[in-house]
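A.B. asks: Sequence order for the protein chains is A, B, C, D and E. Note that my numbering numbers the first sequence so that position 306 is 306, with each residue one more than the last. Note that my numbering numbers the second sequence so that position 102 is 460, with each residue one more than the last. Note that my numbering numbers the third sequence so that position 177 is 902, with each residue one more than the last. Note that my numbering numbers the fourth sequence so that position 165 is 1148, with each residue one more than the last. Note that my numbering numbers the fifth sequence so that position 85 is 1322, with each residue one more than the last.
Because the hints were derived from the structure by calculation, they are not lab data. Please note: incorrect hints may appear among the correct ones.
In the DSS-like style, the derived pairs of lysine-lysine whose C-alpha atoms are separated by at most 25 Å in a straight line are [to be verified]:
1) K6(A) to K1075(D)
2) K119(A) to K1525(E)
3) K329(A) to K6(A)
4) K349(A) to K1424(E)
5) K353(A) to K1525(E)
6) K1178(D) to K6(A)
No experiment lies behind these values; they were computed from the predicted model shown.
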Amino acid sequence: MRTLFKTSYGFDIDHLVDPGERIRVGLLIAGALALPLVLSGYALSEMAMFLCYALAGLGLMVLTGFSGQVSFGHAAFLGLGAYAQVWFLQRGVPFLVALVLAGLIAGVMGAAVGRAASKMHGFYLAIATLAFAILVETVIGAAVPLTGGHMGVSVPPITLFGYEVQGGWQTYYLYLAVLLFFVWGVANLKRAPTGRAMVAVRDSETSAQSLGVNIARTKITAFFASAFITGVAGGLMAHQLYYLSPETFGLGESLKLLLMIVVGGLGTISGAIIGAVFVTFLPNAIEILRMVLPSGIAHQVGLEPFLFGAIIAGFIIFEPDGLYGRWRKFRLFLETYPYYKRATFTRQKRYLKTGRFR
Amino acid sequence: ADTRGVTGTSVIIGSHTDLSGPLASWGVPATNGARMRFDDQNAAGGVHGRKIDFKVEDTQYQVPLTVRATNRLVQRDNVFAIILGAGTAQSMASYEITDKLGIPNVFPLSAARSMAYPTHPLHVSYFVSYQDQAVGAIRYFHETAGIKSVCLQTQSSEYGEEVTEGVTQGVEAHGLTLAMVGTHRTTETEFAGVATAIRNANCDLIYLGTTGRDTIALYTTLRQLGVTVPIVGNMVSYLPVVAKAAGGAMEGLYVVSPVADADWTDGDAFRTDFITRYRAAFKEEPTVQSQVGWISADLLIKALEAAGPELTEDALMKAIEGISHYTDPFGGPDLSFSADKRFGGNSLTLLQVENSAWAVRQADLPF
Amino acid sequence: MTDDILLETRNLETFYGPIMAISGISLKVARESVVTVLGANGAGKTTLLKTISGAIDCKKGQVIFGGAEVQNQPPDRVAARGIGHVPEGREVFPFMSVHENLVVGAWGRHDRDAVARDMEQVFAYFPDLAEKRDQMAGFLSGGQQQMLAIGRAFMGRPKLMILDEPSLGLSPLLTKTIFGIVRRINGEQGVTILLVEQNAHAALQVADHGYVLEVGRVVMEAPGAELIESEDIKEFYLGKADAGVRGERRWKKRKTWR
Amino acid sequence: MSTLSVQNISVAFGGLRALRDVSFTVEPGQIFAIIGPNGAGKSTIFNAISRIYDVAGGAIRFGDRDLLTLRPDQVVQSGIARTFQNIELFEKATVLQNLLVGCHGRMQRNLLAEFLFLPAVRRGELAARRKVEEVLDLLDLQHLRSERVADLPYGARKNVELARALCAGPKLLLLDEPASGLNPEETTDMSFWLKDIKEELGVTILMVEHDMNLVGRTADRVLALANGEVVAEGTVAQVQADRRVQDAYLGGAA
Amino acid sequence: MQFTDAMHLLVIGLAQGSGYALVALGFVFIYRATEIVNFAHGELMMLGAFAVLTFAELWGLGFWLGAAMGILSLGVFGYALDALVMRRVIGESQSSIFILTVALGVMLKALAGMIWGYTPLVLNVPFQGTVDIGGMVIATNRIAVIIGTVLICIALYLFLGRTRLGLAMQAASQNQLAAYYSRVPVKRLISVIWAIGAMVAATAGVLMAPVTQVSPEITAIGIKALAGAVVGGFGSIPGALLGCLLIGVAEPFLDYTYPPLQGVYAYAIMLVVLLVRPEGLIPQTFRKKV
Ligand SMILES: Nc1ncnc2c1ncn2[C@@H]1O[C@H](COP(=O)(O)OP(=O)(O)OP(=O)(O)O)[C@@H](O)[C@H]1O
Ligand SMILES: Nc1ncnc2c1ncn2[C@@H]1O[C@H](COP(=O)(O)OP(=O)(O)OP(=O)(O)O)[C@@H](O)[C@H]1O
Ligand SMILES: [Mg+2]
Ligand SMILES: [Mg+2]
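Hey, can you work out the whole structure from these sequences and the hints?
C.D. replies: If you want it as structure tokens, here you go:
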């Protein structure tokens, strides 16, 4: 095991001070950059979708993972972003500007929700966001001149500085760049006062308040940042969906986002990304599973959602800290080998206490 | 030839459909019917020596999953054509992908106008559009019963919007009034409020843009409120369960449909064989949706045959456009396609619930 | 005489993940005696008590209660054998009234009259609680919650009562009362007491026997009266002594047992 | 220097009047202790000052500010920090992170700047970190810097909470039973720290405490409360000598 | 609108509200005793309806015996669900547990689809037909829902508040460790609660079957029930009843007044209530005393 000597406070502030971690992240990015060399067009389009989900998950992570506000309606922001993106593109706004505007529109709506929700807590907030998402869906369906209603709209292609970005590796790199930018930004936020305030609000409102954290403002900020990022993800996702209709951004999609970050590991940036990997590629894994299953079962209708549910349930039962938690254990095992002690992560019995206090 | 998805010995046909979501009651039997047709053809040596490789992807009726399914079919499985894609928005998204690559995407499991209109060389639909279904129904009741006003209740979905368009069109064509329009979310189960509103609107005909469960709930509620005017649904409500539901309370409901369930009991050899084999293979009764699947597959096979051994996308589409007055062995209405007739159906069937079953009231209904 | 030992731990080791919180603790609690465990912050007192009552699992060692091994059993089973635990830090049922809290405390008892009598007894011990009988426990003051936690354990009529810092946050008057009650239930009802207390002076006054814990080990054990006389105990645990020994001196003396 | 003056405040919960016309004044540089039986309303006074409870009447002023016009999160800006009787730390976070949140009130916040982590944000972070280290040094908590609070024993948490309150750089510190759960040795340490905080940092301290030893060593003035009403006020000796205090609180001979 | 129309809508609304409430009661009951928000509750309801349908129709046991067996088997299912699955995640974060219930819901729905298919099935109930109350024709099954709900509601309320078992359940949800120390067999108790919750859900499924038919899609009612429970103050039994009735009654009138938005009103009402009272009508969460 390496020991890192900290010689300045900067060590606690900077990203990636541990050389091992630096190498790992470097390798990961290098690997991501090299992917188009080895992947087919289909796989790259899957990757682009994955990047959209990772970004959306990152957005939800800011809200739910950091500031503890569970949202059942985040797909609404995805949808707002997507529709806004298409609307701006149709009116000739350049791609990047449209993307920022799409984020802003989602963000402002998010802030409004945050404002309204600043007095709500826990489950009430979650259900209120669900209602909000249903209303957004309804409005998108009804605002025919703006959105094409339920008939939907098709999405214009991406043009960047007058050059049409093709599917495959070009889209992939573009999306990767956007994701990396936001990962960096959110990591920054996390080490800065606002990020800390969000975490404080999550852990104890009374305590945070007594230290000068303005609860309402922190929640609104969290909602804004979260919705902004998710809105941008929606803007990107629009191009992968080719065709938008309001039902696309319904409850199922919201739950999927939530599921993603929980399975990935709440409260960590890596969690959002690992969760997206999980959710995007689980269907592929199920496909492979299908091949080895006896054909009577493999062609059973509804097998796919069933396995989807089962695998997620299994993960939560056996790995409640999410996939990121599993990875940490694995890393510790490697680092401390052969001195790894199982006991390190065995848990003592735990007991629930009421969550009806705030 | 080096056409995508076509080799000397096989041709790959794909389908993205709903096997486990809200439209599974359409997707599953249709897929089964098509699979049966393809398997039979393969057993008989395929088309021009090519076996048909039928790849089905479940979309759970979700657009994102449909996009991924289409990508898989197109990029990984390298399909030659797609048939029986489920859902309107889903198929629209799928079109965006297949059109770019010039892949035929035909006979979707949706009668929306946008499925084949505006005319596109790679799209055809085997149904009569929801609009035309509504137009046909309204014309029929206007001509036979002299209705003056219509009430409309639809789901708030693209399907609902299509129906609304059709009803509006029909109403305008005959100078009627549209007395009331209501929409509801697809998951709704309780309709007392709107039913009262509909009753109080006093219209002569009630048209439903509903699917299955909501048709039953709305119909029974309306009748309980003492509404006696004709109530008409369209092809989506044309399900056995709708006729059977509520212990006989569905008596009198009309539907207009471009397809009609075969008469399974008349001893016809084909149908008797079909029903026994279907039961054996899929452990359930065939429905009109199974017929739709079978017929779509049959149409495709006819077209593949007509396209000749040098199979290209273009040849297939030309061959489909050449189909005229096709009749199916289930006894349904005939179909024709041409360069500008992209919806195959030539007429509709009007059915009504009688003794908890669908009875044909008028075949070959024009629209 | 082993018969006289109600509770015994043998070589108990408990971990929190990789951290060993107690390492090989053996102690004996004789029937109808009062035993106290002293120790600095983080010495492992709470961990020891929790291990005894099954709230956490031990890795090694045994807990023998009334002749049977009970370690690593679910806490409700252990409690049903006759252990009443007053946990550290006022663990009441916050949305239930004081009265309901006490009713739950008597779970598993079927002698209605005796339960009613015990309830009156608790209210007699703590008149403050009687006043607040129907108030939600979560809104009691800190001290009142502490009283309620003690009363609730009492309602179970345990053979062994485990008290984790019962005087935490109680006024000087009530602290005295608590120790009076401890002595009474020990004397009158023959309840055995295992007591952890920062107020070592008071604890040692009622204790027949005492153990001193340091970083998870027992470093000293002796009858209560002897411990009071020990220099180290005086220096580090008895508030009384420090006025004389430590006074305004800021540096600390080394403990001789290290 | 600011004076805390509490004038005739009353607090009621439904029918229960937890405080009735309580008044007292804490002069700058004092250690002011509140004692009283359990349920007397001591914590309620703290909650009223930090605006967690609304008062039914009266006034609370700190220096020239009317506290009753502030939101709970603004109280710390006016120079008042507090600890809680039952310890309200951020359990899942490390000690260091807890203390950094303590600095929150004094840090600049700007979402975009933080998102991009501009140099100004870094400077702010470093300054906060230096403050935290000072406090850690003062309370001898360096070794716990990167421990998770959930893993700490009760006594250590009490100290961490005190440290967190100090990070806010208060002029007035409200401590709810700082010595509960500490053994006599640690209580002695606490008394030294309290004096250091008062003398070296010039912080005024208002504390609730049941340990008369600690009160006796440190408090300049003592207020005795019973049933929501002031019973006595004065020096430690004066209050301890009061009959009613002895009966209701100390239990005869103190 | 005529007076009889209004009365009719009122009765329908009450019945519909009762239906929501019956589902909500199950939610609330499980929440009250375990603080777990069981998102799979709508699925339990659906399973209950299917189970009864299987026994009553497919096995031909007739309605009453079928209903009894179906509801009981859901009880067993609920018990097993806790004992085998939910028990393992005690003490995990709320959001993890919530997602677990979502995943369970997905599984149960898919499973039901595999077993019974996706086409709605019809359960024939003995309370078919209509009654005529002062010129108002009301389906008997509506009245059955109202009566069933009232009875179950009273029973659960008394059970939680008045029996020792009920107190112990509440204790277990508020502070498990302290409940253990008080000898309450927390694990077993929680399994019993799941059993009861599942049985209530199954009852709801049966009573609602004439209105909804039986298909995997009926789980959607669960979400409106959730909305109702939240309006009332999540965790309160009277609150759930109140909230669900409010939504149930308001819906038909709003549908009547402006038909194009049917299905959105429940959520709109909920948002409005939450904006005014962020903790619902009967608040169940409290500011921690510090
Ligand atoms: N949940 C936990 N996770 C990890 N370590 C813990 C946990 N609880 C306690 N510890 C550690 O175990 C050791 C013993 O703690 P314990 O709470 O038993 O001490 P204690 O003697 O009761 O202290 P106090 O007098 O402060 O209550 C401490 O070093 C503490 O850091
Ligand atoms: N939020 C609340 N709701 C209802 N009653 C309350 C609330 N907070 C305090 N009380 C009541 O007010 C009285 C005073 O409580 P407080 O917490 O101020 O006492 P205290 O003096 O701090 O006692 P202790 O020394 O035991 O902590 C108590 O009787 C308590 O039950
Ligand atoms: Mg302890
Ligand atoms: Mg207090």
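A.B. asks: Now tell me if each hint is right for this structure.
C.D. replies: Structure-based check of each hint:
1. K6(A) to K1075(D): holds (23 Å)
2. K119(A) to K1525(E): Roughly 15 Å separates the two Cα atoms, so the pair holds.
3. K329(A) to K6(A): With a Cα-Cα distance of about 24 Å, the restraint between K329(A) and K6(A) holds, given a limit of 25 Å.
4. K349(A) to K1424(E): holds (13 Å)
5. K353(A) to K1525(E): holds (13 Å)
6. K1178(D) to K6(A): violated (33 Å)
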